[in-house]
Amino acid sequence: MPKPIFNQTNFFIALQYLFARKKQSFLATVGVMLGVTTFIVMINFMTGVNDFLDDAVFKGSPDVIISGKQEGSSKQQSLGGNLNTLKNIDQINTLLSDHDNVRSFAHQIISPAILISTTNQLPGGINGVFPLQEHQMVDLNRRLIEGRGFESLSEENTILLGVSLAKRLQISANDTLKMILPNGKSEQLLVAGIFSFGITTIDNVRTYMPATTLQRLLGKENSITHIHIKLKDRDNVAIKKTLIQKFEGSTVEDWKDSNKTIVIGNKVRDILTWSVSFALLLVAGFGIYNIMNMTVFQKRKDIAVLKTVGYSSNDIIFIFLIQSIIIGVFGALLGAGFGYIISYVISTTPLDTSDFIIVDTYPINFNLGYYILGLAFGVVTTILAGYFPSKKASQVDPVTIIRGL
Amino acid sequence: MILEAKHIHKYFHEPQKQQVLNDVSLQIDEKELVSVFGESGSGKSTLLYILSTLDTNFKGDLIINKESIKTMSPSCLTDFRNAHIGFVYQFHYLLPEFNVLQNVMLPAMKLAEKNRDEIKEEALFLLEEVGMKDFGLRPSYKLSGGQQQRVAIARALINNPMLIIADEPTGNLDQKNTDMVFELLKDITEQRAKTVVIATHNSKIYKNSHRTIEMIDGSIRL
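If you read the sequences in order, they're chains L and V.
Residue 265 in numbering that gives the first Met the number 0 sits at position 266 of the first sequence; the count goes up by one each step and never skips.
Residue 173 in numbering that gives the first Met the number 0 sits at position 174 of the second sequence; the count goes up by one each step and never skips.
Keep in mind the hints are simulated off the structure, nothing from the lab.
Only a predicted model underlies this, so the values are computations on that prediction, with no experimental measurement involved.
Ideal Cβ placement from N, Cα and C applies to all residues, glycine included.
Just so you know, not all the hints are guaranteed correct.
[Said to hold, decoys possible] Taking beta-carbon pairs under 10 Å as the criterion, some of the chain L residues facing chain V (in silico): (1) Asn6; (2) Phe11; (3) Gln23; (4) Pro122; (5) Gly124; (6) Glu150; (7) Lys298; (8) Pro397.
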């Protein structure tokens, strides 16, 4: 009657071998641990950064933007202040309202302007928005630093500023500032609130004011320049093609076009994480492979004896493979634990703000899935690394070994 | 009759083709203590590996307990060896990671017909028989050669095999230990009713065996 390979006796023998070489077993375990720890820390951190950027950039920005096509040369526009107003707005509205993948959309009129405070004057892009629509696009309340959010824009002559812009203008909520538009008109505005997306490039230039005020000042009542669209499934941008085909007089951009650097950055971080982790686990795997190979070589007499007294080739494979698996499981568990601890420490470490992002501590993503992946990764590597030496062990020919002495 | 070899031919292919056993036929009865002797290179070790089913790469047939081992699959053969054949080698070959008691228990743990406690009891009894009872918890590498060989004999007996094969069991021992080991093997044959086959070139051993088989150049001298 065949007995199962996984039995107490084989397990007992494997453990005995493992403990007889405490130092080697320990070092092999540490090798796996380092691999898994690095994997966990890197992936927690890298995906933390990716998620942070996703949240800051993509949640604060539309997925697809339709804008009026520029007519004439760019020089003409910057001098004359001609706004590229959108045509066929009604048709676009109908198409967007009926489209399955559109979650919400908002009209905007965007114009360059110069903002003047008592101490400074700066150029900026002014987003004229319809507060109720825009509220569905951007969750500004979460990002508000002082004052009020979009609800304040229901009053005329109000403006919301990005935090970096406000700082440079040395202005805070409830102050006033003066805005000069390209057509020469100027207006006093009340700073109703100050917000921060955490990304300097946004906080430096973005402003919101009521579209109605901007339309009136520009003399472009009922005109808009942009439609911002949020999609239900952001990765499916098929709508872009439809819009381009139907409305040739407008420009359509999706989030990938407008955030190429961030999309590429995410990709680079992903590649880095996977390749470094893979390399480390490979090294740990080779460590185990080496140790097991050496053990099998040193122990070939013992293997020969085990075979003569009745241990089968499969028993031998199991006895040596289980040693690798024990090392792998322990190393991976320790690695996941250490990875969590280090990630936690990093997540509480204050981050000296760079120019690019504004955040208090390092962003970390503690997704459980990565821990499971790290464990699986570590265990699979060690099983592969242990299998070949074990296979070799099982092929030891007892007669050759016993005769060889 | 417990064992029968029929016209066994064996060749080595490395470094060049060479015949090591030439038409060897023999029969061994139960409760026999048989010595195989001859000079080194006479083929006695090779014959022993074949008789002990470790080497199956030969021409001819080997029948143990009415079964031809040529008809058995490798895994069957492993189980067969585990249950029915005990080994004693020239170089003792205890596993250094295990203590004396564990070394004796290993073949029975593989057989798994008894539970751990029963196996342990049996192993302690055998260690007492070979005079090694007090050394049970010692690491096996801390024993002298003669002591190790006695433990190896206890290990060979643990599954109560019908056949004990010993390859130069005293080859590495002094006269006193040689006598002791041979006495043990003789006792096993007579009191435990086993068949023992010993390869040796110690004259004292083959003179005191029930029967001797002399090997010359790969053949049995008649």
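Cross-check of the supplied hints:
no., hint, in the structure
1, Asn6, "holds, 7 Å"
2, Phe11, "holds, 7 Å"
3, Gln23, "violated, 13 Å"
4, Pro122, "violated, 78 Å"
5, Gly124, "violated, 75 Å"
6, Glu150, "violated, 76 Å"
7, Lys298, "holds, 9 Å"
8, Pro397, "holds, 5 Å"
This entry does not satisfy hints 3, 4, 5 and 6, going by the numbered hints stated previously.
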